[in-house]
Amino acid sequence: MAGEAERHLRERLNRLRGLPLLRGTRLSGELERLQKQLDRIEAEPSDEEIWRSVELARHSQRPYTLDYVERLFEDFVELHGDRARAEDPALVTGLARFQGKTIAVIGQQKGRDINERTRRNFGMPHPEGYRKGMRLMEIAQRHGFPIATFLDSPGAYPGVAAEQHGQGGAIARSQALLARLTVPIVACIIGEGNSGGAIAIGLVDRVLMQENAIYSVITPEGCAAILWRDAGEARKAAAAFKPDAVHCLELGVIDEIVKEPTGGAHLNPDEAARLLGSALGRTLDELGAVPGDDLRNRRRERYRRVGIYSARAVEPALQPGS
Amino acid sequence: MAGPRIDVSIEHKNLPEQSQDEKKHPNTCPSCGSHYRDDELERNLRVCEHCGYHFPVRARERVTQLVDEGTFEEEAAELRSEDPLGFFDLRPYTERIAEAEVSTGLGDAMIIGGAAIESEACELAVMDFAFMGGSMGSVVGEKLSRAAESAVERKVPLVAVTASGGARMQEGILSLMQLPKTVCAVEDLRDARCGFVSVMTHPTTAGVLASFASLGDVIVSEPGALLAFTGPRVVQQTTREKLPDDFGLAESNLRFGHLDAIVPRGELRPFLGRVLRLFSNGR
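Respectively, the protein sequence lines represent chains A and B. Reading the first sequence from the start, the letters are residues 1 to 322 in this note's numbering. Reading the second sequence from the start, the letters are residues 1001 to 1283 in this note's numbering.
List of simulated lysine to any residue pairs, SDA-like, C-alpha gap at most 20 Å:
#1 A:36 to B:1088
#2 A:36 to B:1083
#3 B:1242 to A:161
#4 B:1155 to B:1277
#5 B:1242 to A:160
#6 A:36 to A:246
#7 A:101 to A:281
#8 B:1242 to A:159
#9 B:1242 to B:1226
#10 B:1024 to B:1038
#11 B:1024 to B:1050
#12 A:36 to B:1092
#13 B:1024 to B:1058
#14 A:36 to B:1085
#15 B:1155 to B:1273
#16 A:36 to B:1086
#17 A:36 to B:1082
#18 B:1242 to A:164
#19 A:36 to B:1095
#20 B:1155 to B:1281
#21 B:1024 to B:1037
#22 A:36 to B:1094
#23 A:101 to A:78
#24 A:101 to A:289
Every beta carbon over 12 Å from chain A, so not counted as near; a handful from chain B, in silico:
#25 1073
#26 1119
#27 1121
Please keep in mind that the hints were generated in silico from the structure rather than gathered at the bench. Don't be surprised by glycine CBs; every beta carbon is placed ideally from N, CA and C.
This is chain B alone, in the form it adopts within the complex (with noise of 0.2 Å):
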């Protein structure tokens, strides 16, 4: 735990609030206003010394933190999203695309392949925020499909960790049909009986709460996540309802019996350990 940090959260409080075009910088904790530098918060899973805030975790760096080193084996890491309607709105899709490719270096949304997690091997799909929103589009899930059946084939569980703001709308209908697919393959790995632990990282939205995320055997989430179909700002602006404080959040989720259980994101990597171990007991 122990290291320099420069914390800064005290000036931040008596700032005046700072007007939204002006953005924090990313290793500035939003919720205490604690500075890091990045090895610092590499070092701590991206998790605030200070007051927890989790931050974001690429899906690179999360796999680095979850598998035993050196386990995991990629898959399926060619494909590459097609612009089937030529669709383009202020931009065309086919320039967001080669935009987040550069800028994230991956091929899409999603990163699949085999681990081991504390000797227990499972098959992972991690999806990243920073790719177009970790949006669900054709190669999401094609991605996700593909490793339902490579854990069908190998006869161990998979594990997601989802982070999205739903369905790719740049794929038109071809996006939501991703949902059924990614059911599809859910259904497939049940049939098989190979256990499936969905971890929903902040924010699990739209399309993909309302497809594979939801049906883990075995469903978390790390503190403060975000997990609604529809995010506040939607739900505030169509029904002008008051919402609670905790919308959508984790916590509430936890509390209307959606979700197993909060797991913090330091605990996360003995946890999955722990369900994976038990889940291959029971064969």
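Looking at chain A on its own, in the form it has when it is part of the complex (with noise of 0.2 Å):
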């Protein structure tokens, strides 16, 4: 499986190595951009490995939230509600004491069992639950309390009423509030960041990612189901966009990889939760140090920067009608 990409840029560059140098100085631009690519390659973790972290990040048995939330917090006192239509407990919010301190935590949250998965709806919010999210960014702005949240869900639900109280507004506008708050924020990946669903509640100062969680655009089915026109190539899908936590890492999406129990945090919740715990507890510390307006300046600036293109001018052979 490693193969395909690899084998793919070798053909590629044995094919460019052997043409006659008729234009030198791309060509070996070109070469040595292959070159690059395939050592990146060779350093990076296989495809094997890139779905084994799809595996593990979501394991019927990995800790979801408030299994994170129990071991890590002191009187958590769960909030409901987006006080203007429903409740949704695919999203749990509520405050609680971290190190001593009010700390608010905003989390998806997936079930164990089948009642509780339907119930949880299998950890994918509808507009209500981004709501109660923002009503929770609301307190904690107003009291100064730092913010924790925990991605872990496939996506926002795809549901018509899901759309009909508008989900899209609601994930721009939750994200919207977070580019708005003073408050220290800090996001823990700890299962599937997903799509729109998971980027709702992780405009944030710092982003935290286990070892095994992946992040990503889309979940590898929907994504083998769109350009593979298979949703079977999810394999290809997950090796293709790499959403791995070192991939991640590497194109500045995440700040630090949070080590997991050997062979994943379901082997182990309490010492997952507790590698975890120093990580958050450690970054609060430093986030904390930090004035208000700063810290939103700095969250601003931190999404300014992130992408990644070139400049060049339009060749006029691209130019139709020339």
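Build the complex from these two chains, which are given one at a time in their own frames, with help from the hints.
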């Protein structure tokens, strides 16, 4: 499997090497670029390792948001309802004490057995869930509480009512509110952080990602269904869009990879929580020393810089009609 | 309005349903079957004279439709997508980009620039669905951010015209990061008290709907546009729910309170002019 991408590159590399040098400079640039890509591929998690992350991130025994809340925080008080329409159990919110101080907690929550899974809607929030989250953000801002978010969702719920109640707008406004806050915000990616459903609570100062978690724009199955026209090609899709922690760190999208117990967080939830808690504590201490306005400005600056692109004039030959 | 038109609607109605692989001519109205020459369609802002169906509009043509002649000054035209993941599905991403560049004559799925609409100065960001489904990758995110900065610098409102299938999957997690990036750009715009008018055209979905497009001070759409976080096909497949006839359409969005107005294309320019004047009067 690791092969496919690599084989493709090697083939291209060999083909290019064999070409007579008509436009020498450009070709050697291309050769160098391909060689670099090959080197990078060899040093990185293989396709199998990526897929193992996908499986571990979605393991049925993996600790969920409330498992960490229980182990990391004291005096947790869960707050329910968006004060407009409904209570959404797919996203839990509340106040708790962490290292002696009050903290606001927002996270997607999956269910352990079939009943709870249904009740939690498999961790796929409706707009009401995001609006409940925004309520918590406002409380945190008013009282100066730092915020910890826990990302673990296959995505926002794709249903008729969710659309009618404004799923897209709710995700956008949740991010917009996070961009305005002057309290420290840390995101912990503890399972699968997928698409808009995850990023709604993911616009933050620091992102901690467990080593077997995944973070991506779409589920492997969704990507495969669209680009390969076959959801069964999920492995290929995951290998192509690389949702694993190592790649996310390399792309500058997360700040720290949090170790898990050997074999995955589900084998020792207490230890997984201890490791996550110490990273969260350290990060909040750092952020706590920064004045609020600076926090917000740096947060915006962080996202201002994200992205990889180049600048190049339009080649006249590519302009239609010329 | 007048002008020669080849109306073949009757023949079409009597024909059996076209098979899916047999694509209709792009100038044939999918709603009533009327067929137009390209210059006829262009003259009528690509709206079917017969039934009012709104054909898709390419980004450059949209700019021409909206702005005072000769006022559009494009910015950041040199930005190009990179291939940070070495992505390929059935074909390499680089090949898809190159092909889109050639077929559309655009650098990516959005063009931005300063302009005037009915003599009101503004910054314009227009998406083009023909460029890889109007998908938002690093370049679209960067251009929207620059458009916001440019608006702040010149103290003018931003007008965004969206048409997008969502985030560009080929850029993986970086495409998801364009959601918070564009949201932050809109927040900077708000802090500087610049107005933001979002015009959602068919289709505005997923990542673009879930970021800057939904954050306009004023949000309008064109008739019949699909505005949904998840499109009808996926909703149907995942939930097996029975979908309402107008699922996700602008009309449904207006009824549920997600839109300020549905503005037919012919009225869009005067509408924007009026809104922009109101924003500039308040300063």
